[in-house]
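Colleague: Each chain is listed here by its residues.
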Amino acid sequence: MEKMKVLAEWTYTPAPIERGYTRKTLYVNVGEPRMEIKDVSQDMIDTFTGGRGFDLKLLWDAVKDTTKWNDPENEIVLSGGPLCGITQYPGAGKCYAAFISPLSGQTYDSNSGGYWGPLSKFSGFDAVEIQGKAERDIILFINGDEGKIQILESNLKDLNAYAVTETLHEYFAVDEADKRNISVISTGKAAETSYYGCMNMSFYDTRRKVARLKQAGRGGGGTIMRDKKIAAMVVKFSKMGGNLNNVVDLDTLQKVGVKLHKEIHDLDDVQCKMRKVGTAHLNEIMDEYHLLPTNNYKFGQNPAEIAKIHSAVYERLFTQGMPDGCWYGCSMSCAKAVDGFTVQTGPCKGEKVTVDGPEYETVAALGSNIGVYDPLWTIEANFYADHYGMDTISLGTAIAFVCECYELGLINRNDTNGLDLKFGNKDDIMELIHRMAAGKDEFASMVAKGIRYMKKAFAEKFKADARTMEAIGMEGQGVETSEYVPKESIAQWGGYYLTLKGPQHDEAWLIFMDMVNKQLPTFEDKAEALHYFPNFRTWFSLVGLCKLPWNDVEPANNRIVNEPREAAKVPEHVQNYVDIFNAVTGKGIRKEDIITMSEKVYNFQRVFQVRMKQGEAFHNIPLRALGPVFPDEWEARREYYDGKLREIGIDPSGLSTEEKIKKLQEYRLGMWEGLKMAVYKRRGWNKKGIPTLETLKRLGIDYPDVVAVVEKYSKPEDNFE
Amino acid sequence: MRWLKTYAEKCINCGKCMDTCSKTYFKEENPSLSRVVVTNPGAGQNISVCNQCGACMAVCPTEALYRDKNGVVQLDKSKCTSCLMCVGFCPTGNMLYAASKQTEPFKCVACGLCAKACPTQALVLIND
Numbered sequence: 001m002e003k004m005k006v007l008a009e010w011t012y013t014p015a016p017i018e019r020g021y022t023r024k025t026l027y028v029n030v031g032e033p034r035m036e037i038k039d040v041s042q043d044m045i046d047t048f049t050g051g052r053g054f055d056l057k058l059l060w061d062a063v064k065d066t067t068k069w070n071d072p073e074n075e076i077v078l079s080g081g082p083l084c085g086i087t088q089y090p091g092a093g094k095c096y097a098a099f100i101s102p103l104s105g106q107t108y109d110s111n112s113g114g115y116w117g118p119l120s121k122f123s124g125f126d127a128v129e130i131q132g133k134a135e136r137d138i139i140l141f142i143n144g145d146e147g148k149i150q151i152l153e154s155n156l157k158d159l160n161a162y163a164v165t166e167t168l169h170e171y172f173a174v175d176e177a178d179k180r181n182i183s184v185i186s187t188g189k190a191a192e193t194s195y196y197g198c199m200n201m202s203f204y205d206t207r208r209k210v211a212r213l214k215q216a217g218r219g220g221g222g223t224i225m226r227d228k229k230i231a232a233m234v235v236k237f238s239k240m241g242g243n244l245n246n247v248v249d250l251d252t253l254q255k256v257g258v259k260l261h262k263e264i265h266d267l268d269d270v271q272c273k274m275r276k277v278g279t280a281h282l283n284e285i286m287d288e289y290h291l292l293p294t295n296n297y298k299f300g301q302n303p304a305e306i307a308k309i310h311s312a313v314y315e316r317l318f319t320q321g322m323p324d325g326c327w328y329g330c331s332m333s334c335a336k337a338v339d340g341f342t343v344q345t346g347p348c349k350g351e352k353v354t355v356d357g358p359e360y361e362t363v364a365a366l367g368s369n370i371g372v373y374d375p376l377w378t379i380e381a382n383f384y385a386d387h388y389g390m391d392t393i394s395l396g397t398a399i400a401f402v403c404e405c406y407e408l409g410l411i412n413r414n415d416t417n418g419l420d421l422k423f424g425n426k427d428d429i430m431e432l433i434h435r436m437a438a439g440k441d442e443f444a445s446m447v448a449k450g451i452r453y454m455k456k457a458f459a460e461k462f463k464a465d466a467r468t469m470e471a472i473g474m475e476g477q478g479v480e481t482s483e484y485v486p487k488e489s490i491a492q493w494g495g496y497y498l499t500l501k502g503p504q505h506d507e508a509w510l511i512f513m514d515m516v517n518k519q520l521p522t523f524e525d526k527a528e529a530l531h532y533f534p535n536f537r538t539w540f541s542l543v544g545l546c547k548l549p550w551n552d553v554e555p556a557n558n559r560i561v562n563e564p565r566e567a568a569k570v571p572e573h574v575q576n577y578v579d580i581f582n583a584v585t586g587k588g589i590r591k592e593d594i595i596t597m598s599e600k601v602y603n604f605q606r607v608f609q610v611r612m613k614q615g616e617a618f619h620n621i622p623l624r625a626l627g628p629v630f631p632d633e634w635e636a637r638r639e640y641y642d643g644k645l646r647e648i649g650i651d652p653s654g655l656s657t658e659e660k661i662k663k664l665q666e667y668r669l670g671m672w673e674g675l676k677m678a679v680y681k682r683r684g685w686n687k688k689g690i691p692t693l694e695t696l697k698r699l700g701i702d703y704p705d706v707v708a709v710v711e712k713y714s715k716p717e718d719n720f721e
Numbered sequence: 001m002r003w004l005k006t007y008a009e010k011c012i013n014c015g016k017c018m019d020t021c022s023k024t025y026f027k028e029e030n031p032s033l034s035r036v037v038v039t040n041p042g043a044g045q046n047i048s049v050c051n052q053c054g055a056c057m058a059v060c061p062t063e064a065l066y067r068d069k070n071g072v073v074q075l076d077k078s079k080c081t082s083c084l085m086c087v088g089f090c091p092t093g094n095m096l097y098a099a100s101k102q103t104e105p106f107k108c109v110a111c112g113l114c115a116k117a118c119p120t121q122a123l124v125l126i127n128d
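Note that the protein sequences, when read in sequence, are chains E and R.
Using our numbering, the letters of the first sequence correspond one by one to residues 1 to 721.
Using our numbering, the letters of the second sequence correspond one by one to residues 1 to 128.
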């Protein structure tokens, strides 16, 4: 590629890292352009810890109450956290991104593996803040080796992710060995029309000799990148070492890390098989428990087809025996890839490529949920979703909604511009995906904007029935539901729909605890779980860790020495986290402090949502998430659902299926309201879901501007007794 | 391939091999820094040392572990990120580490100095 023109350039001296922090953040305004290096105060560390916490603090200060996703003051903020970049413990390379989301109009945080998080910290920054809008396509380059920030005029011919990433690894590396010192954040052409554009963060695979892509997929970060005319963000740092975080206690860090490496070595093959199939080991398990989304979450199982997408099939497709960690030291090694895959359709047709994934969520979203049971098709759809810059989860769930609307006759072939979008009609669905990237087809562009947008647009443009779409459109807070059927677990209603940012799978996954193991019998039990687990999981996002090594492997005696509810927390691994946090930072936290650290940020983010929604940050749940909507859903598990009615004292005999559905819906809506109130109360919020002043004070986040938001939107009648 | 063969039944647990090894590579006589590990579990001696099987090479994310022309598995420190996955995945527990000395792991490179120091030929350097 020809040399790119430098539009702006600044030099800096990379700050040394002490105990996991550089205590500096980088601000770049790509519009003006302007660069500033900000200090991180001790109070910022004590309150927000790092990672997502730093992201949200910087974003809070950057936006106005009225900021929309495509306003220039919206930012993409990226941060790893104090543990990010350690190599001794698995899963320590995560980077967290926060921004005002085009899907939800409030903050979203999304995380990715790859090397961006560690390399940007080693380049001197605890966080990187991007604001403004460029006039033409640019590339932001952070050169940690030379202490240089550049805005370059992009001369990339293809803006899609694999092309951008490969080209830029080549462009910025001096030789083949240097490629692993680079990480590229890219998106793709579809992010220019879609609201769920993803950010791909790369790492260079020295064995395969290709750049691999991991995704901060959710929420529309890629959409904002393209709105800012950012073609890519690149970081380079070459002086990799074993203790760049300058930790306090390397000895403990090594011992705890080796303990987990050994555990994974000894147990992964008999537990989750993450090293062989990654998260795709869940496919048949979810199907068995009626949890695998099938045809827009209508069903949770498809006995006739599941064998085709069994994890054993994926195990054969994934190249085995490779160290597939997305950061150094991740022995969980779940970043599986399909090598030598020949693309069948679209602009890359005929090319042999390495495809990252698919992971479980993608197998379900671009598989069972849209009625497709063809792994090769799913791999191709996964490839193009990444390449075009779309979140596979939102894409799949949005298409599932479209297919159901189509089969119900709410939209027709004329509306879809000729596509026959029945469930499982692979060729036409793939064509729809290509049209999204091309950006010229009006219908495809509607699908690309997500379910909340489609519900309104289909009603206005195609006169589709709004009530039906409201019932079957699987979104919460504007964000598409990820890939578990939540119908039968009251706790999981909360795990998905009482979340900070919408129904994703990184807050609480309580289906097994609730339904299979029956560990959460009362509302209070569920509320406690919906307090503990979201906060516990938030901690990973503050320090720069991946969640998977927490409970996708367990010590052999976890379920012997702990009672079942305690075992779900994997206490030995919680202690590992306490030990490695203290080993890096020297802080001396106890395990209880993990929850308090998270609560500060969790509640701050909730107030942030209230602020951006002008007090109307509501938690909605679609009827499909609560139970069957149509008779065929009920009839598919008639005995089961009739039994559910009997459990609540309703005799199903003599009732039509429609009547039964209505009665169960009424009951479950009441349960949903009850759950919501119990959870709000446990979290220290009022009846409208606004954290109380007491909660802010208890957590030390009673900053004047935070208090002002709470006071502005809280009413005395909304207080709990 | 060059490797260190062990004859535990000949070992008298004098510790000379461990002293030689740690002195050679870490400049101090300290069994906890030795790449050959002799223990006395009760019934007799146990000698544990790398057999150059190469399982560590397969898990190394940066290809820092490689087999040299003599068949010995070596660590290229310039490529190593000190992740210690090789330690956790060594089938015989012979990839070692010591934070007080270096961030990287260390292992037997079949130099043979311990075998020379052994008074009973419990350790023999093999070229086969």
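Accuracy of the hints is not assured; some may be wrong.
Label-pair ranges, simulated between beta-carbon atoms [claimed, not checked]:
1) R:K77 x E:R698: 17 to 27 Å
2) E:R590 x R:N30: 49 to 59 Å
3) R:D68 x E:G439: 33 to 43 Å
4) R:G93 x E:Q575: 56 to 66 Å
Okay, derived cross-link-like pairs now, DSS-like style, lysine-lysine, Cα gap no bigger than 25 Å in a straight line [to be verified]:
5) R:K5 x E:K259
6) R:K101 x E:K239
7) E:K440 x E:K422
8) R:K77 x R:K10
9) E:K148 x E:K239
10) R:K27 x E:K209
Don't read these hints as lab results, they were simulated from the structure.
Beta carbons: idealized from backbone N, C-alpha and C, even for Gly.
Colleague: All the hints need checking, so say for each whether the structure fits it.
Modeller: Hints and how they fare:
Evaluation of the 17 to 27 Å hint for K77 (chain R) and R698 (chain E) yields a failure: the beta carbon distance comes to about 49 Å. Range check, R590 (chain E) to N30 (chain R): Cβ separation about 34 Å, and the 49 to 59 Å hint is violated. Look at D68 (chain R) against G439 (chain E): about 54 Å separates their beta carbons, and that is not inside 33 to 43 Å. For G93 (chain R) and Q575 (chain E), the hinted distance range of 56 to 66 Å is not satisfied, since their beta carbons lie about 23 Å from each other.
A threshold of 25 Å between alpha carbons decides the hint, and for K5 (chain R) with K259 (chain E) the separation of about 28 Å lies outside it, so the pair is violated. In summary, the hint linking K101 (chain R) to K239 (chain E) is supported, as the alpha carbons are separated by about 20 Å, within the 25 Å threshold. Straight-line distance between C-alpha atoms of K440 (chain E) and K422 (chain E) comes to about 22 Å, which keeps the hinted pair within the 25 Å bound. Between K77 (chain R) and K10 (chain R) the CA atoms are separated by roughly 35 Å; this puts the pair beyond 25 Å, and the hint is violated.
A threshold of 25 Å between alpha carbons decides the hint, and for K148 (chain E) with K239 (chain E) the separation of about 15 Å falls inside it, so the pair holds. Note on K27 (chain R) and K209 (chain E): the hinted pairing is violated, with a Cα-Cα distance of about 39 Å set against a maximum of 25 Å.
Violated hints for the displayed structure, listed by number in ascending order: 1, 2, 3, 4, 5, 8 and 10.
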